[in-house]
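> Listed below, chain by chain, are the residues.
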Amino acid sequence: MHEKTVAELSRELESGKISSVELTRHFLDRLKQEDGQYNSFITITEEQALAEARAADERRAAGQATPWTGIPFAHKDIFCTSGVRTTCGSRMLEHFVPPYDATVVAKFRQAGAVCLGKTNMDEFAMGSSNESSHFGPVTNPWGLTRGERRVAGGSSGGSAAAIAARLVPAATATDTGGSIRQPAALCGVTGIKPTYGRVSRYGMIAYASSLDQGGAMARTAEDTALMLNVMAGFDPKDSTSIDREVPDYTATLNEPLKGLRIGLPREYFSDQLSPEMATRIREAVREYEKLGATVREVSLPNASLAIAAYYVIAPAEASANLSRFDGVRYGYRCDHPKDLMDLYTRTRAEGFGTEVKRRILIGTYALSHGYYDAYYLKAQKVRRLIQQDFVNAFQEVDVLMGPISPSPAFIQGEKTDDPVTMYLEDIFTIAVNLAGLPAMSVPAGFIDGLPVGLQIIGNYFEEGRLLNAAHQFQQVTDWHLREPR
Amino acid sequence: MQWDIVIGLEVHIQLATKSKIFSGSSTAFGAEPNTQASAVDLAMPGTLPVPNAEAFRYAVMFGLAVNAEIGRRSVFERKNYFYPDLPKGYQTTQLAQPIVGPGHIDIDLANGETKRVRIHHAHLEEDAGKSLHEDFHGMSGIDLNRAGTPLIEVVTEPDMNSAEEAVAFARKLHSIVTSLGICDGDLSQGSMRFDVNVSLKPKGSDTLGTRTETKNLNSFRFMEQAIRHEVERQMEILEEGGQVVQETRLYNGDRDESRSMRTKEEANDYRYFPCPDLLPVVIDDDFIDDVRASLPELPDARRARFQSQYGLNDYDSGQLAGDARLSAFFEDAVHQGKDAKLTANWILGEFSARLKAEEKTVAEAPVSATQLGQLVARIADNTLSSAGAKKVLEALWSGESSDVDAIIEAKGLKQVSDTGALEAMVDEVLASMPEQVAQYQAEDNPKKRKKMLGGFMGPLMKASKGQGNPKLFNEILIRKLGD
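Protein chains in written order, with my numbering: chain A, 394 to 878; chain B, 5 to 487.
Bound-form chain A, shown alone (with noise of 0.2 Å):
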């Protein structure tokens, strides 16, 4: 049954094969089994699980199933869910539990979804490797095949590691600065970050609020596309959320992708890059090419200045946005404070990570009187400019194709004392995230045994022609269905 895909588990509970309690039995006791070797869970909701999956045979009885209906899956633990503990990865928020959903958690409650649990990630979503979790990090199901504990990628390995361990069909993510498309690329699954605004980020625990996008996970194209059918759309209670008709993601699948024009950027493919990578890029955009696509080379001048813009606005941002936790009202609080000074400075130093703390540390630093306009005004500059390079560019082609990560899953630990390193591992991802486009990836290949992802990065709103892209490459290449075992 976990072989299956989201499309056909939803085909299979609606002929009456399974029911929803038997795949979420299933899926449990897989979860229980196997995830001690991924740590890709931070916690599992079983009696919820089994709840919903009861709740949702008797909604299929009555007839009113949505796709979802009985389809188990899990959220990333940056998702408030109400009644169940959202840790964001963190030790400040161990034993913290919401009373409200987050919005796109109400939405997959709405259409009758079963949560298994929460996804390991990293600490308030900062990291690229999944290994500043304060619940330890994720481990690679792929490096695992060569007896070798390989990171899962960040900020959402958790979810990532879990669909290709085949423990969740599908599971909810966010990316910031590639936090979606990183470990899927590096796990071997599909994730697409739509464009901001398309997916409420009401409920979804704020790292940099301009650059985080929620999206979703998933083996195959088809799945993802089912899923945003759930998660986007506008939302009252996010003024950054946009109100604009959401499509049925999954009618555009099976156009044909007949001239269709692709760019790949210049910048993308330099000496950063592997050139085993390079490889698998350049073999993918051919399957592309016999698709009947056209490709040209396109530039995106500005793309060396992402990283430095990102690493000062979105420290920046979260410095304020990670206020809040000072052990007043919830989450994590020293013990015995002597004063209000000291009740905020151990809460802090004691409920924070090394990397949030010196992510809070550069933001304040970004923000400071007599900095501000060097770093965060400058940076907001090269913001717009990068985020001009995109438009320009979508008026020669439809899409961007490129690498998601410069290698495959690196060896746990060999870059989490070298910050700037790990940084470096987003370069392909956060122009996007800058210019708030969509995009996906899509796997594309293996080096020495470990997955490879492609990346399709679309105009704004544009996540339907993107679904469609990969979900025509996936008719034609296997890579998406291959196994970890």
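Treat the hints as calculated values from the structure; they're not laboratory data.
Treat the hints with care, as some may be off.
To be verified - Per the computed footprint, the stretches of chain A lying under chain B, defined by three or more beta-carbons under 8 Å from a beta-carbon of chain B, are:
#: 1; stretch: 591–603
#: 2; stretch: 618–631
As the list claims (entries may be wrong) - Just a sample of chain B residues kept apart from chain A, beta carbon distances all over 12 Å, derived:
#: 3; residue: Glu14
#: 4; residue: Ala41
#: 5; residue: Lys92
#: 6; residue: Asp273
Glycine included, C-beta positions come from ideal geometry on N, C-alpha and C.
Fit chain B to the supplied structure of chain A, relying on the hints for placement.
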């Protein structure tokens, strides 16, 4: 040495919207602690602000009322600092692009002149919660009911030169926002809070001195006292050759003391930056025109109307028009009582004195405008003497009865205005006071004669059991005494 006093104000005005500026929670005052604080107000993880359109409308109303430019694109920023009653660790406010740009308010000075005080800008922001330091055994309690209440902060230019001018400005501001209905104006509940910036410079000098800011004054009286106190404090320092330190001070009105809260060196670096959770708010001409068309009457216009429509003098019209509720009370009463001048006299005199003595607002007055209007009508038609009217007001005020005519009847306060009966009484009294009559008739000084005339009134009122019309008695007396 002679000094010029320079004063600028920052005024926090709580907007009377039903819900908070970024959440749906109620803004009502006085609820049990933390019962009006939602997940958004508590800054629970993942929650987001949604702007309250009514707050923008109120801010634009204010801008138009003070002749200001309206910010077509206003941007919320985060002002970062840690404090337990600031749940997010930042206050959402406006800085570089406020909703209300430069404007001005004209104030009346004691010497009869008008002075223009420029407004630098006014911005929208959220209020913080309250920290309660008593009753928690060495700890502090936090009440977040107020957190997220919409405020406009009005920042003036340093255009005021005395405590009196600052108070006149504050009163005018109060009068404008209550007339607009955008603030309940209740200072005792913190609906308006004043920060005063004070500096001194040698008389005539063009260079401003070092200023101090005294924060969080919540009454006109404390504001006036705090300014006087600060002027004296700075003058002493400067006269002794010292230098004023730029700092924020707190004033204790009960003790008339102030102390330093923090100096410039200790000031927070607030690290303002645009709030990424809120989009810039764009206001177009249609919205502004719509607000302009629905603006209620403002104090200056009302004052002019009271003069032309009711024939009130400058002083009375100013006193009434400055207070929106008192103005409404006046107009309701005039509707009943007809005689506008007499109505104004009674409202500004006896009625206001009773309110002040009992520390009540107009809304809390036990006598309605209708009742006061009926009372005035009975004075105007000679049914009641002024002394009788005071007795009726007392009965209304104490709740003894609610009907003016019933009180007059029950207390026998109806004046006797039958000239024949009154003449008979005058004859009788004059006959019983021949000496006084002779003295009066021998006196040439009109002032003394007038005073002597009063000597007959006591016996006359006694003879009429207090019900004789004093005005008619006076006329008859003068005639009978042979003028």
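> All the hints need checking, so say for each whether the structure fits it.
Now for the hints, and whether the structure bears them out:
Counting residues of the stretch 591–603 of chain A whose beta-carbon sits less than 8 Å from any beta-carbon of chain B gives 9, enough to reach three: the coverage restraint holds. Closer than 8 Å: that is the beta-carbon criterion, and the stretch 618–631 of chain A has 3 residues meeting it against chain B, so the requirement of 3 holds. A cut-off of 12 Å between C-beta atoms confirms that glutamate 14 of chain B is not in contact with chain A; the least separation is 20 Å. Some Cβ of chain A comes within 12 Å of the Cβ of alanine 41 of chain B; the nearest lies about 10 Å off, and the non-interface call is violated.
Against the 12 Å criterion, lysine 92 of chain B falls within the reach of chain A, whose nearest CB is about 5 Å from its own CB. A cut-off of 12 Å between C-beta atoms contradicts the statement that aspartate 273 of chain B is not in contact with chain A; the least separation is 5 Å.
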